[in-house]
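4 protein chains.
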Amino acid sequence: MFEDKPQHECGVFGIYAPNEDVARLTFFGLYALQHRGQESAGIAVSNGQHMNVHKEMGLVSQVFNEDKLRPLTGHIAIGHTRYSTTGSSRLLNAQPFVVESVLGPLAVGHNGNLTNAAHLRQEILQRGVGLTSTSDSELVVQMLAGGEGRTWEEKMRVFMVRAQGAYCLTVMTRDTLFAIRDPWGLHPLCLGKIGENGWVVASETCALATIGAEVVREIAPGEIVAIDQHGPRTVSLNPAPKRATCLFEYIYFARPDSLMDEQTLHSIRVAQGRELAKEAPAPADVVIPVPDSAVPAAIGYAQQSGIPYTEGLIKNRYIGRTFIQPDDRLRKIGVQLKFNPLPDNLKGRRVVLIDDSIVRGNTSGPIVRLLREAGALEVHLRVSSPPIRHPCFLGVDMATYPELIAHRMSVPEIQDYLGVDSLAYLSMDGLVRATGRPNAGFCKGCFTGTYPMEIELSEKQAFER
Amino acid sequence: MFEDKPQHECGVFGIYAPNEDVARLTFFGLYALQHRGQESAGIAVSNGQHMNVHKEMGLVSQVFNEDKLRPLTGHIAIGHTRYSTTGSSRLLNAQPFVVESVLGPLAVGHNGNLTNAAHLRQEILQRGVGLTSTSDSELVVQMLAGGEGRTWEEKMRVFMVRAQGAYCLTVMTRDTLFAIRDPWGLHPLCLGKIGENGWVVASETCALATIGAEVVREIAPGEIVAIDQHGPRTVSLNPAPKRATCLFEYIYFARPDSLMDEQTLHSIRVAQGRELAKEAPAPADVVIPVPDSAVPAAIGYAQQSGIPYTEGLIKNRYIGRTFIQPDDRLRKIGVQLKFNPLPDNLKGRRVVLIDDSIVRGNTSGPIVRLLREAGALEVHLRVSSPPIRHPCFLGVDMATYPELIAHRMSVPEIQDYLGVDSLAYLSMDGLVRATGRPNAGFCKGCFTGTYPMEIELSEKQAFER
Amino acid sequence: MFEDKPQHECGVFGIYAPNEDVARLTFFGLYALQHRGQESAGIAVSNGQHMNVHKEMGLVSQVFNEDKLRPLTGHIAIGHTRYSTTGSSRLLNAQPFVVESVLGPLAVGHNGNLTNAAHLRQEILQRGVGLTSTSDSELVVQMLAGGEGRTWEEKMRVFMVRAQGAYCLTVMTRDTLFAIRDPWGLHPLCLGKIGENGWVVASETCALATIGAEVVREIAPGEIVAIDQHGPRTVSLNPAPKRATCLFEYIYFARPDSLMDEQTLHSIRVAQGRELAKEAPAPADVVIPVPDSAVPAAIGYAQQSGIPYTEGLIKNRYIGRTFIQPDDRLRKIGVQLKFNPLPDNLKGRRVVLIDDSIVRGNTSGPIVRLLREAGALEVHLRVSSPPIRHPCFLGVDMATYPELIAHRMSVPEIQDYLGVDSLAYLSMDGLVRATGRPNAGFCKGCFTGTYPMEIELSEKQAFER
Amino acid sequence: MFEDKPQHECGVFGIYAPNEDVARLTFFGLYALQHRGQESAGIAVSNGQHMNVHKEMGLVSQVFNEDKLRPLTGHIAIGHTRYSTTGSSRLLNAQPFVVESVLGPLAVGHNGNLTNAAHLRQEILQRGVGLTSTSDSELVVQMLAGGEGRTWEEKMRVFMVRAQGAYCLTVMTRDTLFAIRDPWGLHPLCLGKIGENGWVVASETCALATIGAEVVREIAPGEIVAIDQHGPRTVSLNPAPKRATCLFEYIYFARPDSLMDEQTLHSIRVAQGRELAKEAPAPADVVIPVPDSAVPAAIGYAQQSGIPYTEGLIKNRYIGRTFIQPDDRLRKIGVQLKFNPLPDNLKGRRVVLIDDSIVRGNTSGPIVRLLREAGALEVHLRVSSPPIRHPCFLGVDMATYPELIAHRMSVPEIQDYLGVDSLAYLSMDGLVRATGRPNAGFCKGCFTGTYPMEIELSEKQAFER
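Chains as they are written, first to last, in the working numbering: chain X, 10 to 474; chain W, 10 to 474; chain U, 10 to 474; chain V, 10 to 474.
The shape of chain X in the complex, shown without the other chains (with noise of 0.2 Å):
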C-alpha cells in the first residue's frame, strides 16, 4: 500500500557445480533476488538422475530452512523467486515447474510475459493437455517437454520460433543446465563463474556478487546457452533485429549495485538525475529524493545544480504486506504510515523533491502535503523518467490505461493535481542518454505505446478498464 511503483515479474537462478552446495548457493542467489519477487520463491536441483523441489508461498527467507534444503542435494540446481497480483497468488503457481517428460524430468523458472499466450494456450490444449493454472509459465513448461524436436536442444529451439514476448528461463533437465532469453533482450539475465569448475545464471549480477561469483558476461539477446560438465555451450544465438531491453529495469528494477553494460545501475540513476538537472533546473535550497529508490538520481541532480543533497522524508523500513486496513482517520493520514517528513531539513527551504517514476500518481500528492505541512516553502518535483502513458504487456505489472495519470492528463494539469510549484519529466533522450549506450534499443513501450513486437489483442483488451 502507497507504493505507486511498477512491480516486477520475477527473478530467476540457476547454478551447475559439481563441487559445490548448490542448493545453499541457490539460497543466498534468490536473497539478493529478493526485490525481483516477494510472494513465493523455490529450489529444484537435480543430481543427475532424480530431481527434488521446494516451493511455498513467502520470502525466501521465510520459505526455506535447514531442514528444507537437507533433501535438495545435487550437483544443479535452479531458484525462483515470484512476484504476483493477488489474485493469483497462488502455491500451484510456485516456481520453479518440475514435471516428468518423454525425455525425463524438466524444471523450469520464468520471468516474463508471452504476449501471444492465448494463441499459444489453444494450440496445447488442442494438443491434449490439462492444464493446471492459468500461468503463461505452465504454458513454457508444457511447450518444452511436448514441443516437435527429438532433443531438449530441438525442443528450445522450437520454442523460441513459437513464443513471443519477454522470457528468461533457467531449464533444468537431468544432466544440463540451460539459461535461454528472448531475441529482444527485455529483462537482463548474466552469466557467472564460481570456484574452479561451477558456473552460474541470474537475472542480475547482485547475485553472483552475494554468492562470490565472477560476472563473466550477460546471456546474448535470442541465445540458448547449455552448461555441463564442459562448461556453458551456446546452442543456438536469434537475436531479434533490434535489441529492445526494458528501460524500467534502468529506472527502478534493478537493484543499484547490479550491472548492466559494466557500469553499476546505481551510476546510471545518477546520470539520470544528472541530466534531469539539465533540462529542468530548479529554484531551490535543497535536493530531497523519496526514498530508497530515487537516492541515487537525487544524488546526480545535486551534483549537477550544486544544491545540497539531503534527506527530507524517512521510510519505516518494515512496511510490508499487513493485513490491518487503516480506517478512515490512517485512510487521511495515508502516506504518513509509511512516510515521515523530517522537518528540520524544510522548514522554510524551496525542496526540489526527486522521484524516478509516477504511474497512478496517488502518492505523490500526500507526499507533497506531508512537506508543505513540514515548512516547505516551495516543493519542485523532478522525475527521472518520461511520463508513463501506456501499460507494459510484457511482464512487468505497471496498470491500466485509466489508472495511469499521464494517460489521462497532460503535465500541467498533473502539475495542478499534485498541487506542486513546478513538474518536470526527464525526457527520453535524457534517459537513454544516461544509460552511455545511445546507439542501443530499449523497449520503450509504456512511455510511447510502441512496442518491439505485435500485442494480441485480447491481451491488449485487458487493459482498457
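Each hint should be verified, as a subset may be incorrect.
[What the hints assert, rightly or not] Below 16 Å or equal to it, Euclidean Cα-Cα: the simulated EDC-like pairs (lysine to aspartate or glutamate) are:
1) X:K77 to U:D76
2) W:K341 to X:D30
3) U:K347 to U:E12
4) X:K356 to W:E271
5) W:K14 to W:E473
6) X:K324 to W:D301
7) V:K202 to V:D237
[Stated by the list, open to error] FRET-style restraints, in silico, Cβ to Cβ:
8) U:D301 to V:S436: 41 to 49 Å
9) U:N448 to V:G315: 34 to 42 Å
10) U:D337 to X:E157: 52 to 60 Å
11) V:T457 to X:P80: 37 to 45 Å
Worth flagging that the hints you see were computed from the coordinates, not collected in a lab. All C-beta atoms, glycine included, are put in the ideal place defined by N, C-alpha and C.
Take the given structure of chain X and dock chains W, U and V to it, following the hints.
Just chains W, U and V, lined up with the frame of chain X:
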C-alpha cells in the same frame, strides 16, 4: 548476522481514546516502533470491564490480522514490541503481560532493564509468588500487582521507590492508562493527543506522527501520568538529581524522524557528522555511509568538509532472520551477503567511510576490504560516537567486556586491525555538543564505565565473560 | 456434537526413573490417558537442576514430535492431558504449570476442581499475587509456591488443610516427584513400578500397562507420596472420615481395561448390565449397546437375560472436532452424522437398547427414531446408571440444572419424551452392588444432590442457569 | 504402527443438487468415507461456469473449516479422501485434480489402480504432456483431458477402452457430474437421491445415509452415468465378461453399516463368522474379537458355536499417527501401546480369538502372548478370510511377496510361529457363501494369484522385493 550494532530492548505504546478503534491505532503505532524490537508483539485492550490480549512471536504485521484484531474492542489499549536475545525468545516472555490482581485486571508493557532485579526477584519469591519467566518485566508486573499500597497510584509510587534502573512503562488498569518513566529518563517516552479527547503515549514521536497524533510533551523523568476521561494528570514526579538519557538513542536507536527536545534525530545525527568532520578531517574524494543508520552523519560530514556525499555500499533490504547457515565459501564472502559495493563510485577514489558506532568490530574490517577490492585507493574510517569500552546494564544488548573491540584495543590498534588508512572516533564533547543540549545529563556508561546508579555485582559479573 | 456424556477434567502422569527416557515414557503414558482430555497436552522434566517444559493445544500425538521431545532430558517427568469447555480453551491454561519459587522450580499437573476456589482466589490476590488465568490449577500452583511452610512437604500439608474439593496432583520439584490425592479419593490415582528403580504415578492403571509398568497400589485418599532415589515414601495420610470416589469413573470415565480395586472397569460394567437385567427385564429379541461406552453393560445384560447380544449402530470412528456446521437438512438428520443403524439386525425385532448414562437427553430420542426407521418393532431403553438430577461441583463437566433432563422430568415423562416402549434406570443399590465394594464410600452427588463436602454458594449459583 | 491390515486406496463422492449447499454435503459425505483414506482430502465445485477447489494434507475435519468452505459455491461438487503409502504422501497428489482442457474445466476424483499404467504413461509422455506426479490418477485426468473424442462422453468411452484395472471415478465438467466404474466392478460405487432433484454418487452407502440421501442402486460394472438437470442417464455400459468385486471390501474395507447387494456388511461379516464356526469349531469358553474390525465375525462365531461372546482386548481409540518412536523397552511391549487385555475375561479360560485377516503376521503373535500373560489357558485363532498369499495389483496396499506370512509359510507353520493352540482360516467357499451371492464374480487375486485381467510385468516385479 553481519550486523555490529547494539540492540534495542523494546517499544511501548498506549492509548486512551473513547471514540477511536484503539487496537487498530495501537497496531499502526507498533508498526512505527518496529525498529525497537522484532521478536514478538502484542496488544491488550480494556473496555472498562474486561481486558483482552493477543500476543505472538514475530513482526507486528505477522502477529496481527483482522481476525486477531476484531475481538480487541475497548477504549484503552497498550501495545508492545519486543527485542530479545535468542536464548530467551519465548512466547512466555511476550508482552503486554496481563494479570488479575487484588485491585482487578492489570496490563503492563515494559521497555528497559532493572539493575536491582536479582534483589527484587528474591523479595518477590519470598512473598510467595511463583514466577513463570526469567524476565525483569514479570517482576515489574508482580511488584505492581502485589506491592504495598491501597490504590494503583500508591502501588506505582512504591514501585518507583524500590526499582533501580531503566524503565518506560505503559500500564493499563480497568479504566485508566498510566505512563511511567524512570527517574533518570534513560529511554524516551512521549505524550500525544489524538482527536477531540484521545491521548497517546509512545516510546518515540514517530509513532504519534504515524497515526496522526500531535506531540504534546515528553513524559518527564520520574513522572507517573494517569490518563482517564479527565485527560492526563501527573500523579507524581520524582526525578533523579541528574538526568541521564541514553546517548545511544541519539546515535542509533531512535528513528531519524523522531523528535528529542524538538529536534529530529536526523538533525542531531547530521550535527554529529559535522562535529566529526571538524575534529577529524580526512584527505578524501568522497564521503560514503555504512547504510542505513550512518546516512545522516555522512551527510553532515560531507556538508562540513565539502567532500561530496554519495553511496558506496548497497544493503540488501530483505535481509532478515534467515535460518540458513552460510557454508565455508559463503562465510569467507561474509558481509557481501548483506552489503555489495558500488565500484563506479569507489574506483580510484579516496574514501571517508562513516559509521555511527563500532561494537565488536567484526564487520568493519570486511567492509573495508570490500571497498578496497572495488577500487578504493584509501579508506578513512570515521565513527560518529566515541569508542564503546563498557557493557550496558540498563537494557541495551551491547556486548560483554571481552567482546568489545575498544575494551581490548587502543584506537591505533583498532586502526591496524581493521586495515584502514586512518581511524577517528567522535569525542564525547563533540557528541554532547551535537545534541544541542550541552548541559543536559546523559548516560555515558558504555563509553566511560560510569553509570547513573549503582549496578548490582551479580549483573556486573554476567558481563565479564 | 451429538455426544450426551459428562466430560472428564484431566489425566495426570508422573515418573521418577534414573535409567529411562522419562519424557518418552510420559508421552506414551499420556497417549493411554488421552480419553481423559483432548484439548491440550504437556510434559515437564527435571534433570535435578533445571526444568524444561513443552505444552500445546491439541492431542498428545499432535503436540509432540521427536524435535519437541529431544530437549526434555532428565530423570523425573510429569505430564498432563487436559479437557476444557470451549470458552476457556487456551494455551495459557495448558499444564503442567512450571514456576520458579522461593524453594526452587516447581511443576504441577492437576486433575479435579476445588470447591472453595473463589475463597482461595481472594486470599492469593490479597497476598499480592497477579494471576494469569482463571483456572483452579493456577491457584494450586501459587498455594504450593507461596503457602506457609519451610519445606515442600510442609507447604503440601498446608495446602491439603486449606483446599476443599477434588484434586489428584503430580508435583515435581528439582529432585523429587510427589503424588497427592484429595482426602475423599474422588478421582483415581495409582502407583506403579518400572524396571529396577523406576516409579510411576498415573490417573489410571491403563497408563502403567501401556508402558510396561507393574501396578503397585492406589495412592490412598488424603495421601502425599514423595518419590526420590530412595523410592516412594508416604509423607502424610489424612483421609476424610468417609471415602467418596466418583461413581462416574465406574460408569463411564475410566478406560475399561483400567483396574479399580483389582477388577477391570470392564467387569464392573458387565456387572452393571447384569444388575440392570435383573432389575429391569425386557421382552426383546436382541440387546444392542449405544457404542462404544455401553458395550460392556450390554454384554452383561445379554449374559444375564439370555437375549442375544449384537451390534445395531455403527459409530463413525473419525468423528472428532469439526468446525463445519450442519445446515438445516443435516441438523434434521442429526445423530446420523455420528451413528448409522444396521437394519439387518433390527428389522422386525424387539430391541433392548443399553446406554450407560443420559445427561441432557438430546441424543437418545433421535437414536430411538433411527432404530425404528431401520425396522425395530419395539425399543426398550435400559440405562446402567441412575437418573442424573444434579450438577457436579467437583470437576466433571456435567451440565447445569436446567439442562439435566432428569432434573426437569420424571422417568415416565422421559420415557414419553424419548419415545421408547419402556425405560428403566439402574438403581443406586444395583450400581453400588456392581462395584463389588458395597461398603466403600462413593460420591453420589449428581444422583442425590448430597456431596461429600460443602459447596460454596457462588459455585452453586453458577449451575442454576 | 501395530496394525496388520491392508490399506484402502481412496473414497470418492459426487453430488448434483441445485437446491443444496453441495460443498457442505460433500464435506459430511467425505466424513463418512474417512475410513477409506486419511492422508489428504479435497472438494471441487462448479457453478456452471467456473470451478473452485480446496485440498490439503490431513483428515477431512482438519482440512476444512467454514472459511475454507465458504468460497466453494455451486450446484455440482466432487470430493475425495486419499490414502497413500508414506513415500508419496504429498500435496501434489491430493485430489480432486482440476485442470483446464480443450473442452473446458475438468475435475476428477479416482479410487483404484491401473494395471497398464506404465504403458499409458509412456503414451501420454509421447503425446507431449509434462506430468507433475507419479500417480495413476494424473494419467486418468490427462487421458480424459486429451484423449480422442469430440465430446466428454466420447473421451470417457475411449478411456474405458484403453484403461485396464480398478477405477471408480467421479468426474465433474462445467455442467455435468459423471460416475464411472471399471468393467469388473472391482470397488463399490453407488447412486443415491437427495431431496426433490438432487443426486449423489459415493464409494459406499454409508455416505448416503450420513447426509440423508436414499440409496437408488449401484453404478454397474462398466457403466458411465451422466447426471445433469435431467437427472441420471446411462451413457454407456460395457461390463467385463465376468464381474470381479474385491473380496476385501466384504472382509474389511467397507464400513459395516454400508450395503452391498442390499445387505449390510455387518451381516455379511456375521455370516463369515458363522461359516468359520461351522468349518473350524474350537473347544473354548469364550469368543473374543481383535477390535474393532473383527467384532461382527466374532459375534457370528459366538452365535453359531454357542460359546459366549465377550471383549478381551481394549484398543486405544486415540491411536493415530504419532511421530514419536518407541524406545527399546517400549518396542518389547509392542502391541500393548495399542491393545490392552482384560484379565477378568481371560483368566483361566480357553479363548477363541477372531481376526478378519492376517497380512504380515507381525501383530498376531504379540496379541496371543498378551492374552496368555493375562491368564488365557488356550488360544485358538480363527481368521474370517483365507490365507493371503499374493499381493494386490489393483489398488489395495497389501504387501509384497516376501512380506506376506502366508506366502512364506504353511498354515501349520504359521500356527507355530504365532504360538497358538490351533489356527484355522475361513475357506474360499465359506467366504463366498457368506456373501450370499455364491454365483457372483469376485476378485480373489490376493488369495489365489489369479487376477481378473493381465498384470503388466513391471507391476509384478515391483512386488517381488
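Here is what the structure says about each hint:
no.	hint	result
1	X:K77 to U:D76	holds, 15 Å
2	W:K341 to X:D30	holds, 15 Å
3	U:K347 to U:E12	holds, 9 Å
4	X:K356 to W:E271	holds, 13 Å
5	W:K14 to W:E473	violated, 19 Å
6	X:K324 to W:D301	holds, 11 Å
7	V:K202 to V:D237	holds, 13 Å
8	U:D301 to V:S436: 41 to 49 Å	violated, 32 Å
9	U:N448 to V:G315: 34 to 42 Å	holds, 38 Å
10	U:D337 to X:E157: 52 to 60 Å	holds, 57 Å
11	V:T457 to X:P80: 37 to 45 Å	holds, 41 Å
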